[in-house]
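All chains, please: the whole structure from these sequences, using the hints.
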Amino acid sequence: MEYRIYKFDFTAGVHFGENSLEHGGFTLCADTLFSALCQECIKQGPRELKQLVSRAREGKICLTDAFPYIENIYYLPKPVLKIETEEQRGDSTLKKAYKKLAYVPADKWEDYIAGKLDVIHEFNRFQESLGYREIKTSAAVRGMEETKPYRVGIYHFCSGNGLYIIAGGESEEDIQLLETGLASLELSGIGGKRNAGLGRYQLKRENVLKELQCRLACGKMMVDGEKNSKNLERPDEAQEGAAFMALSVCLPREEELEGALEQAGYLLLKRSGFVASETYAKEQLRKRDMYVMQAGSCFRKRFEGDIYDVSDGGSHPVYRYAKPMFLEVIS
151 MEYRIYKFDF
161 TAGVHFGENS
171 LEHGGFTLCA
181 DTLFSALCQE
191 CIKQGPRELK
201 QLVSRAREGK
211 ICLTDAFPYI
221 ENIYYLPKPV
231 LKIETEEQRG
241 DSTLKKAYKK
251 LAYVPADKWE
261 DYIAGKLDVI
271 HEFNRFQESL
281 GYREIKTSAA
291 VRGMEETKPY
301 RVGIYHFCSG
311 NGLYIIAGGE
321 SEEDIQLLET
331 GLASLELSGI
341 GGKRNAGLGR
351 YQLKRENVLK
361 ELQCRLACGK
371 MMVDGEKNSK
381 NLERPDEAQE
391 GAAFMALSVC
401 LPREEELEGA
411 LEQAGYLLLK
421 RSGFVASETY
431 AKEQLRKRDM
441 YVMQAGSCFR
451 KRFEGDIYDV
461 SDGGSHPVYR
471 YAKPMFLEVI
481 S
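Quick note on my numbering: the sequence shown kicks off at 151 and runs consecutively.
If you're looking for bench data, these hints aren't it; they were derived computationally from the structure.
Backbone N, C-alpha and C define an ideal beta-carbon position, used for all residues, glycine too.
Incorrect hints may appear among the rest.
[Stated by the list, open to error] Beta-carbon label-pair distances, calculated as ranges: (1) 250 - 310: 20 to 26 Å; (2) 193 - 221: 31 to 37 Å; (3) 194 - 463: 22 to 28 Å; (4) 260 - 152: 23 to 29 Å; (5) 197 - 333: 15 to 21 Å; (6) 439 - 200: 24 to 30 Å; (7) 363 - 266: 20 to 26 Å; (8) 409 - 193: 38 to 44 Å; (9) 433 - 360: 49 to 55 Å; (10) 154 - 246: 35 to 41 Å; (11) 252 - 284: 18 to 24 Å; (12) 249 - 435: 34 to 40 Å; (13) 435 - 309: 36 to 42 Å; (14) 284 - 221: 19 to 25 Å.
Here is the structure:
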């Protein structure tokens with residue numbers, strides 16, 4: 151498995167939906183990105199869509215959620231692990247900072263796990279440096295109806311900042327399939343309100359940090375760096391003092407669920423939304439709601455997850471990506 155980093159250098163603001171049109175986040179889940187890639191594949195033809203879905207379902211292609219980067223610093227989701235220090239126990243300000251912190255600099259990952267990270271400094275730097283939110287008021291005009299104003303939440307990344315994903319492909323053909331879709335999305339954009347020019351970006355490719363490369367794994371598959379000198383595979387179950395942290399929204403298959411939940415630390419996230427397809431139904435329909443585990447959730451055992459069909463009464467399947475890419479965490 152070959153891993154690469156793809157950076158999204160946004161040329162305009164973004165709208166990534168949360169609970170309402172007015173509120174928007176600055177990160178993007180893997181299932182949303184995968185759905186956008188499916189839409190781009192449809193433009194090329196049914197063969198490309200079938201290939202993307204089947205290769206991803208088999209674990210030959212995998213991708214993470216889109217996480218922030220600030221200049222040359224990549225951020226990872228805070229793991230759902232208990233990190234406690236002597237200073238934290240008696241300092242309410244420090245406790246609050248640990249609770250508010252959502253992302254950890256990849257180059258200071260070991261410091262965070264060891265409880266040595268200056269959490270207050272890192273939290274403040276992240277909040278002050280990444281970007282800013284804007285609420286834009288627009289008008290909806292439909293036929294002869296009275297004009298109705300509405301507000302849209304837009305996030306703007308500061309210069310040199312944006313989002314990145316880690317994506318893996320087992321073959322050069324898999325990598326090419328991914329890169330073709332990501333390049334196509336440069337023009338159409340990702341997220342909401344793309345017809346207003348939001349979500350467009352310039353794609354940049356980087357190598358995965360060496361300290362992360364040897365700890366990455368997709369589901370139960372062995373990847374480069376997972377063989378020791380005796381040519382043995384890394385076990386699916388974490389060793390003492392270690393865990394596997396999901397870097398993407400994920401959901402174990404029914405037969406995997408019991409084992410995955412054993413000694414796991416996870417947060418659930420509700421995923422819903424409308425189907426973005428003109429051929430699915432005569433009117434716009436919603437996808438079936440689905441609860442997945444958030445990126446940052448930690449497990450003792452790796453699992454494969456799946457790509458689930460969340461269609462609800464339409465003419466074709468609607469795919470929800472819920473397969474994990476794992477990062478081994480040693481605490």
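Outcome of the hint check:
1. For residue 250 and residue 310, the Cβ-Cβ distance of about 24 Å falls inside the hinted range of 20 to 26 Å, so the restraint holds.
2. Residue 193 and residue 221 have their C-beta atoms about 34 Å apart, which keeps the hinted 31 to 37 Å range intact.
3. Taking 22 to 28 Å as the suggested C-beta distance range, the pair residue 194 and residue 463 conforms, at roughly 27 Å.
4. Under the hint 23 to 29 Å, the C-beta atoms of residue 260 and residue 152, about 25 Å apart, fit the expected range.
5. At about 18 Å, the beta-carbon gap between residue 197 and residue 333 stays in the expected band of 15 to 21 Å.
6. Checking the proposed 24 to 30 Å range against residue 439 and residue 200 shows it holds: the Cβ atoms sit about 26 Å from each other.
7. For the hinted restraint 20 to 26 Å between residue 363 and residue 266, the CB-CB distance of approximately 23 Å keeps it satisfied.
8. Between residue 409 and residue 193 the beta carbons are some 39 Å apart, a value that agrees with the proposed interval 38 to 44 Å.
9. With their beta carbons about 51 Å apart, residue 433 and residue 360 fall inside the hinted range of 49 to 55 Å.
10. A beta carbon spacing of about 37 Å between residue 154 and residue 246 agrees with the range 35 to 41 Å that was offered as a hint.
11. Our hint of 18 to 24 Å for residue 252 and residue 284 holds, since their Cβ atoms are close to 21 Å apart.
12. Against the hinted window of 34 to 40 Å, the Cβ-Cβ separation of residue 249 and residue 435 comes to about 38 Å, which satisfies the hint.
13. Separated by about 40 Å at the C-beta atoms, residue 435 and residue 309 satisfy the suggested range of 36 to 42 Å.
14. Against the hinted window of 19 to 25 Å, the Cβ-Cβ separation of residue 284 and residue 221 comes to about 22 Å, which satisfies the hint.
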